[in-house]
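Please work from the sequences and hints to get the whole structure.
Under my numbering, the residues of the sequence shown are numbered 102 to 299, in order.
Since the hints were made in silico from the structure, they are not lab data. Keep in mind that a hint or two might mislead.
Said to hold, decoys possible - Taking lysine-lysine and the BS3-like style, the derived pairs with C-alpha atoms no more than 30 Å apart in a straight line are:
hint: 1; residue 1: K147; residue 2: K119
hint: 2; residue 1: K255; residue 2: K299
hint: 3; residue 1: K255; residue 2: K287
hint: 4; residue 1: K255; residue 2: K282
hint: 5; residue 1: K275; residue 2: K263
hint: 6; residue 1: K225; residue 2: K275
hint: 7; residue 1: K282; residue 2: K299
hint: 8; residue 1: K225; residue 2: K282
What the hints assert, rightly or not - Here are the in silico distance ranges between beta carbons for each label pair:
hint: 9; residue 1: R223; residue 2: P290; range: 39 to 45 Å
hint: 10; residue 1: D168; residue 2: A203; range: 51 to 57 Å
hint: 11; residue 1: P148; residue 2: A127; range: 18 to 24 Å
hint: 12; residue 1: D176; residue 2: K204; range: 37 to 43 Å
hint: 13; residue 1: N228; residue 2: V208; range: 28 to 34 Å
hint: 14; residue 1: P290; residue 2: C239; range: 19 to 25 Å
hint: 15; residue 1: V208; residue 2: I243; range: 47 to 53 Å
hint: 16; residue 1: A180; residue 2: V208; range: 37 to 43 Å
hint: 17; residue 1: L152; residue 2: M179; range: 39 to 45 Å
Owing to the predicted nature of the structure, the values given are computational and were not obtained by experimental measurement. We treat Cβ as the ideally placed atom computed from N, Cα and C, and that holds for glycine.
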Amino acid sequence: MRRKVVPAAKENGDTGDKQDQIFLSAAICNGEDLGPFIRKGFASGKPEILLRHLEHFRRYKESEIEDVCRAHYQDFIMAVDDLRSLLSDVDTLKSSLYDSNAKLQSVAVPLLTTLDSFVEARSKCRNIALAIGSLNICVQLIELCSRANLHLSKGNFYMALKCLDSVERDFHDKTPSSTLKRMMEKQIPAIRTHIERK
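Following this line, the structure appears as structure tokens:
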């Protein structure tokens, strides 16, 4: 550990006095035990010399502290001014963020409502498209069944069987109506049996 040495004040007195003052100052700076100095001061019957040395050290340190304060006072004032300016900027930024958030909310709420309406409309549109597709299949199936009936009524069994084959092949699996499916499963074998008997 490097020992600190405090310069002694230029006072009149013997060299031993100055040396004691230097040792006392060094001990205080280095955080050493001051007991030996105090005992020596009282043992020699001159505690006022010890007090004078301590007073000198106190004045020296006060002077040092004042120098440091003077050296950094302007920096401290500038730092405080910077902090005040920064706080003002923070308030401005906070206000700006609040305004931006309010504008965003005012724009976003109608937009989200429109988006919800769009999603709902698209869902309905899909459902309608599926319903139209199903209706088209049912219409084609009914038209084919009508043709088969027409051929049957005219006794044109070959064409009637061709229509039945087409119904089974093209519409059995993709018919959306369970009623039409049940009707096909029941009526097609019955019609075939009827044609075979003829």
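ask   = Range hint 19 to 25 Å: satisfied by the CB atoms of P290 and C239?
value = Holds - the Cβ-Cβ distance for P290 and C239, about 21 Å, lies within 19 to 25 Å.
query = Holds or violated: are the alpha carbons of K275 and K263 at most 30 Å from each other?
reply = Distance ~19 Å between K275 and K263 Cα, so the pair holds.
query = Range hint 47 to 53 Å: satisfied by the CB atoms of V208 and I243?
reply = Holds - the Cβ-Cβ distance for V208 and I243, about 52 Å, lies within 47 to 53 Å.
ask   = When you check the alpha-carbon spacing of K255 and K299, does it fall within 30 Å?
value = 13 Å, holds
request  = Decide if the proposed pair is consistent with the structure: K255 and K282, CA atoms, cutoff 30 Å inclusive.
outcome  = Status holds; Cα separation ~26 Å.
inquiry  = Taking the Cβ atom of L152 and the Cβ atom of M179, is their distance within the range 39 to 45 Å?
reply    = Given about 41 Å between the Cβ atoms, the range holds.
key: Range agreement (Cβ of A203 with Cβ of D168, hint 51 to 57 Å)   = 53 Å, holds
ask   = If you draw a straight line from the CA of K147 to the CA of K119, is it 30 Å or shorter?
value = 14 Å, holds
query = K255 and K287: Cα distance at most 30 Å?
reply = 22 Å, holds
query = Measuring from beta carbon to beta carbon, are P148 and A127 in 18 to 24 Å?
reply = 20 Å, holds
task = With respect to the beta-carbon atoms only, verify the hint that N228 and V208 lie 28 to 34 Å apart.
result = Once the Cβ atoms are compared, 31 Å apart, the range 28 to 34 Å for V208 and N228 holds.
query = Range hint 39 to 45 Å: satisfied by the CB atoms of R223 and P290?
reply = Hint holds: Cβ distance 43 Å, inside 39 to 45 Å.
Going down the numbered hints, you'll see the structure goes against none, and every one checks out.
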